[in-house]
Amino acid sequence: GEDVEQSLFLSVREGDSSVINCTYTDSSSTYLYWYKQEPGAGLQLLTYIFSNMDMKQDQRLTVLLNKKDKHLSLRIADTQTGDSAIYFCAESIRGNTPLVFGKGTRLSVIA
Amino acid sequence: DGGITQSPKYLFRKEGQNVTLSCEQNLNHDAMYWYRQDPGQGLRLIYYSQIVNDFQKGDIAEGYSVSREKKESFPLTVTSAQKNPTAFYLCASSPGDRETQYFGPGTRLLVL
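Residue numbers (our numbering), protein chains in the order written: chain A, 1 to 111; chain B, 1001 to 1112.
It is possible that some hints are incorrect.
One side only, chain B facing chain A, incomplete, derived with CB under 7 Å [to be verified]: (1) Y1033; (2) G1042; (3) L1043; (4) Y1048; (5) L1090; (6) Q1101; (7) F1103; (8) G1104; (9) P1105; (10) G1106.
Just a sample of chain A residues kept apart from chain B, beta carbon distances all over 12 Å, derived [said to hold, decoys possible]: (11) V19; (12) T25; (13) D54; (14) D83.
It is worth saying that the hints were derived from the structure and are not from the lab. Since the structure is predicted, the reported quantities are computational estimates derived from the model, not experimental observations. Ideal Cβ placement from N, Cα and C applies to all residues, glycine included.
This is chain B alone, in the form it adopts within the complex (with noise of 0.2 Å):
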């Protein structure tokens, strides 16, 4: 089956502590997204890649980091930086840039 793949589904952040959120897929496309999502609120863009070792800092990068190692894959940590991380967090990937995005299902995180 061809998709985006992220995990974990719930993950828990005690203060001070780094986290990192995984996201994978099998589609072949060049581009990957990360946005956050709090309640009630629409999609803010994080973090964006158009190409392996290449990203492009968001609406809202402060207190995250990213890395895209390889074209599948592209893991976005939650820096202790990051203040108020408690949100939903959604990974897309695009054939190229500007084109269809397609989500994955989300890792909600939560802090202890």
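The following block holds chain A by itself, in its conformation from the complex (with noise of 0.2 Å):
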């Protein structure tokens, strides 16, 4: 099928790193995504890394892929309060279909 898997929790303190971690389905994948949504706001692109990378940092965020697995991984280092959301992870997929998104995991951070 065509499932993207996340777990649902994530709690961390403030300071420490989260991850935050993502199966996906499709060995032919070209792109994969993090979003980030806030309570009552909608999606916003956090970044995103093409299947022939194996890693992507860009600042405090280090994206990490594992296409034999076809697992990929969001850190956030030096976790903030302001980072508490919910973090979609997306695949392209082939053919002429929109991007298919996980279930969200919803991060948690304790001051």
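Both chains come to you apart, so use the hints to assemble them.
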């Protein structure tokens, strides 16, 4: 099937690193995405990685891609209370179809 | 400012009533999408359009209708046939299909 799987909840202490994990299904995915959704708002594109890359870093965000295991992760360094949100993983699959989204991981940051 | 706008922010529907949610983009994107999000749930695709005057059903199209008469606009009508319409509705657009999607701020629909 075309499922993108994520754990539903993650809780971390302020200042620690957060790691949000995602597994996807299509080995021919070209791009994989991370979106952030704050309460009552739309989704905000955080970062994306092309499938021929293993890692991408953007300030406090690090994306790791393991194509063999179809595993994607998002690491947030020095997590702040403002990082509390739902994080969605998404993949682009073959054919003329839209992105496939995971159900989202709710990150709670404890001060 | 370029972006995607959705209106209204909150919408109330009475029993048996059709309501229309607006989505407009000035990003010159070809593709547009409608998603439904229920509390604690992920996104479910209702309809999408890859080009003007054409659209396809998503996973939960029953009880909804759309039109795409202009590139900038993709309104969603929630019909009386949708028996459980209370949800958060998100519109998105992308330069082309399978490409990065950009989201509007959402419309929350409530049933009176």
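Results for each hint:
1. Hint status for B/Y1033 relative to chain A: holds, with the closest Cβ pair at about 6 Å, below 7 Å.
2. With 7 Å as the threshold, the beta carbon of B/G1042 comes within range of chain A, its nearest partner Cβ sitting at about 3 Å, so the hint holds.
3. A distance limit of 7 Å between C-beta atoms decides the matter here; for B/L1043 the minimum to chain A is near 5 Å, and the interface restraint holds.
4. Against a cut-off of 7 Å between C-beta atoms, the interface hint on B/Y1048 holds, since the closest Cβ of chain A lies about 5 Å away.
5. At a threshold of 7 Å, the smallest CB-CB gap from B/L1090 to chain A is about 6 Å, leaving the interface hint in force.
6. For B/Q1101, the shortest C-beta to C-beta distance to chain A is roughly 6 Å, which falls under 7 Å, so the interface hint holds.
7. Interface hint at B/F1103: satisfied, since its Cβ lies 4 Å from the closest Cβ of chain A, which is below the 7 Å cut-off.
8. With a cut of 7 Å, the hint placing B/G1104 at the interface with chain A holds, because the nearest CB-to-CB distance is about 5 Å.
9. For the restraint placing B/P1105 at the interface with chain A, the shortest Cβ-Cβ distance is roughly 5 Å, inside the 7 Å limit, so the hint holds.
10. The interface hint given for B/G1106 is met, as the beta carbon of that residue sits about 5 Å from the closest beta carbon of chain A, less than 7 Å.
11. Against chain B, the non-interface label of A/V19 holds: every CB pair exceeds 12 Å, the least being about 20 Å.
12. A cut-off of 12 Å between C-beta atoms confirms that A/T25 is not in contact with chain B; the least separation is 15 Å.
13. Residue-level check passed: A/D54 sits 20 Å from the nearest beta carbon of chain B, beyond 12 Å.
14. Annotated as non-interface, A/D83 keeps its C-beta farther than 12 Å from every C-beta of chain B; the closest such distance is 19 Å.
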